[in-house]
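Novice: In case you want the letters, here they are:
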Amino acid sequence: MTNNFELVGIKPTPRKETVQKEKWYKGKPVFSGVLLALIAAGCLLGGLLMTEDSAALNLQNCGLPPNGEFLFGTDTMGRDIFSMIWLGGRVSLFIGISSTIISTITAIVFGALSGSAPVWADTILMRLTEILFSVPEPLLVIFIQAVLGEANVFSLSFVIGVTGWMSMAKIIRTEVRQLRGSEYVIASKCMGGGFFHILKKHLAPNFISSIMFMAVMNIRNGIMVEATLSFMGIGLPVEVISWGSMLSLSEKALLSNAWWMIVIPGAFLVATLMCITSLGNDLRKSMNRGQGYF
Amino acid sequence: MVKTAGRKFLELLLSIFFLSVIIFYIARLTPGDPLISYYGERVEKMSPEERERAEERLGLNSSVSNQYLRWLADAFHGEFGISYKYKMDVTEVIGERIGNTFILGGIGFLFIFGGSLLLGILCAWYEDRLPDHMICKMGTAVSCIPEFWLSLILILIFAVNLRWLPSSGAYTIGIKRSAADRILHLILPMTVVVAGHLWYYAYMIRNLILEEVRTDYVLLAKAKGLKKRRIMFRHCLRNTFPSYLSIMAVSVPHILGGTYIVETVFSYPGLGTLIYESARYKDYNLLMFLSLMSGALVILCNMAAQVLNERIDPRIKSENMGKAPEGIGL
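For the record, the sequence lines run as chains A and B.
FYI, the numbering used here numbers position 161 of the first sequence as 170, with every residue one higher than the one before it.
FYI, the numbering used here numbers position 195 of the second sequence as 219, with every residue one higher than the one before it.
Worth flagging that the hints you see were computed from the coordinates, not collected in a lab.
Do not rely on the hints blindly, as some may be mistaken.
[Stated by the list, open to error] No more than 25 Å apart at the CA atoms, straight line, and that leaves these computed lysine to aspartate or glutamate pairs for DMTMM-like: (1) B:Lys111 <-> B:Glu74; (2) B:Lys109 <-> B:Glu73; (3) A:Lys294 <-> B:Asp156; (4) A:Lys37 <-> B:Asp156; (5) B:Lys109 <-> B:Glu79; (6) B:Lys109 <-> B:Glu301; (7) B:Lys246 <-> B:Asp156; (8) A:Lys37 <-> B:Asp152; (9) B:Lys252 <-> B:Asp156; (10) B:Lys27 <-> A:Glu139; (11) B:Lys246 <-> B:Glu235; (12) B:Lys111 <-> B:Glu80; (13) A:Lys294 <-> B:Asp240; (14) B:Lys109 <-> B:Glu76; (15) B:Lys27 <-> B:Glu334; (16) B:Lys32 <-> A:Glu139; (17) A:Lys294 <-> B:Glu151; (18) A:Lys294 <-> A:Glu184; (19) B:Lys252 <-> B:Glu151; (20) A:Lys294 <-> B:Glu235; (21) A:Lys37 <-> B:Glu151; (22) B:Lys27 <-> A:Asp131; (23) B:Lys32 <-> A:Asp131; (24) A:Lys261 <-> B:Glu301; (25) A:Lys294 <-> B:Glu301; (26) B:Lys251 <-> B:Glu235; (27) B:Lys161 <-> B:Glu235; (28) B:Lys246 <-> B:Asp152; (29) A:Lys210 <-> A:Glu184; (30) A:Lys198 <-> A:Asp131; (31) B:Lys161 <-> A:Asp291.
Just chain A, with the same shape it has in the complex (with noise of 0.2 Å):
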């Protein structure tokens, strides 16, 4: 029997091909990530694992090649830069995202604060920020230091949060500055809501996109500067471990030639640098722009 409902002149669609589903990781800096995130596993576990006295004192083994025992050799004092590799990682690793943490925590009140204040007292607090932010820097830290006491990695972050905040600030008051006039804002501010209501539920969901590439480089920055303020003396001293302190005795191992004293904490710390670097930059991807007309 024909089946009488049977329509003509209908073209058989073609099965549909499965289109080939796009990885989620595609584009996507998967080495950066795994890599970070495998030093960061080492740092936590490895710290936790590590018995203390591999780091200690060991006045038998200075100055020691890489070997069977000391897989990275040992430094100067004696101390397995292996273990210190990880126990140092914690504390750059901390210094790095703590002061992150103090730097975008001030830069948002402050440049609200800027952005949202009348233009003669927004000027003076930009400008007064400048001269602040053309004091020497070495000067700064040792003065922020005497003050909080011995150098320890509280006050370092504390230094390093408090000394790194000011581009951040910029972009925030900008951003800041256009939204103020805008009807919800005001409307807020009709119905009462505080400084910090508004900042937070109004003006910080509108700017937050714009500081987290911004914030991410500020934990590279953060590490960086750590390691150089260590290096120079002025930082964490010897006996506490972190990439830069390693560095900091670095002069003894140019004189003995011992390579590894530099090579190997150096390399961990410009690796975490440049995953951290990569992860930013992916971030900052989606602000996608157009095709050029050549």
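For this one, chain A is given, so just place chain B on it according to the hints.
Specialist: For chain B alone, coordinates are given in the frame of chain A:
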């Protein structure tokens, strides 16, 4: 025009004044004994009376505010006091060193200035093709290497192992000073200063040009049948030039800060080693002068960038002051 210039000048003076107050107080309130840098170890054996006399001689016995007023009055007469450590006039101490820093930082700046423009154009020309990718990747990688570590690695390779280049100082001690010797000592520090900044600024210039390439007049020029080279060099570059100059103005303090770090690693006798020393050992007069000098330079460069930006685009009046990377600007 004259009015604006006058106002800017006043602003600059006011900024420097505030800066001097801040530095003076910070330096004096930080604990530490300035007498050590003048008398050295002898300080510990001094009796209280001797100490008092010494402090009086150096003018350290009155209150901080009084000291500041005295310093200010002297500064207006062009006298900035003596350096405690070198026992010489501050200006003389700095005069000996400033040439060295100027050579390292100044020539380095010129290299960065020219090189970043060239690389930027190259990148924009080959946008999203191999040279562009390579230069950008290189830039990202180098920006992650701290300057001091790059210096250490270069010293390790070229000075310690290959023994081709000297690892520290500006001259070989004991031989007659010659230009060749000088250049040999400059190669490594200069490499670090230039390599540390070149890529970042090349990347900024690339982005500037690429933004320009996406404007309508380029489409028009293209439609009229102009050659790519002509559009790029006659039209785009010309329009990006003011922004390029303002970026370069902001870069001066950053390059100077980088120079200071490089100087300390290479023990190069310049201002960087001096400023670090004076902050550490409370050489007040020297510290004041050096801080004011680099502070004034920072403020001046920011101002120049701001003026340039306002010229290009009157809408931004006092909006943003140019962007530069956060670094450890000494």
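Novice: Determine for every hint whether it applies to the structure shown.
Specialist: Right, here's what the structure says about each hint:
| no. | hint | result |
| --- | --- | --- |
| 1 | B:Lys111 <-> B:Glu74 | holds (19 Å) |
| 2 | B:Lys109 <-> B:Glu73 | holds (22 Å) |
| 3 | A:Lys294 <-> B:Asp156 | holds (17 Å) |
| 4 | A:Lys37 <-> B:Asp156 | holds (20 Å) |
| 5 | B:Lys109 <-> B:Glu79 | holds (15 Å) |
| 6 | B:Lys109 <-> B:Glu301 | holds (10 Å) |
| 7 | B:Lys246 <-> B:Asp156 | holds (22 Å) |
| 8 | A:Lys37 <-> B:Asp152 | holds (17 Å) |
| 9 | B:Lys252 <-> B:Asp156 | holds (17 Å) |
| 10 | B:Lys27 <-> A:Glu139 | holds (23 Å) |
| 11 | B:Lys246 <-> B:Glu235 | holds (16 Å) |
| 12 | B:Lys111 <-> B:Glu80 | holds (16 Å) |
| 13 | A:Lys294 <-> B:Asp240 | holds (24 Å) |
| 14 | B:Lys109 <-> B:Glu76 | holds (19 Å) |
| 15 | B:Lys27 <-> B:Glu334 | holds (16 Å) |
| 16 | B:Lys32 <-> A:Glu139 | holds (15 Å) |
| 17 | A:Lys294 <-> B:Glu151 | holds (16 Å) |
| 18 | A:Lys294 <-> A:Glu184 | holds (20 Å) |
| 19 | B:Lys252 <-> B:Glu151 | holds (13 Å) |
| 20 | A:Lys294 <-> B:Glu235 | holds (16 Å) |
| 21 | A:Lys37 <-> B:Glu151 | holds (21 Å) |
| 22 | B:Lys27 <-> A:Asp131 | holds (22 Å) |
| 23 | B:Lys32 <-> A:Asp131 | holds (17 Å) |
| 24 | A:Lys261 <-> B:Glu301 | holds (20 Å) |
| 25 | A:Lys294 <-> B:Glu301 | violated (43 Å) |
| 26 | B:Lys251 <-> B:Glu235 | holds (19 Å) |
| 27 | B:Lys161 <-> B:Glu235 | holds (20 Å) |
| 28 | B:Lys246 <-> B:Asp152 | holds (20 Å) |
| 29 | A:Lys210 <-> A:Glu184 | holds (15 Å) |
| 30 | A:Lys198 <-> A:Asp131 | holds (20 Å) |
| 31 | B:Lys161 <-> A:Asp291 | holds (13 Å) |
Hint compliance for this structure: hint 25 alone is broken.
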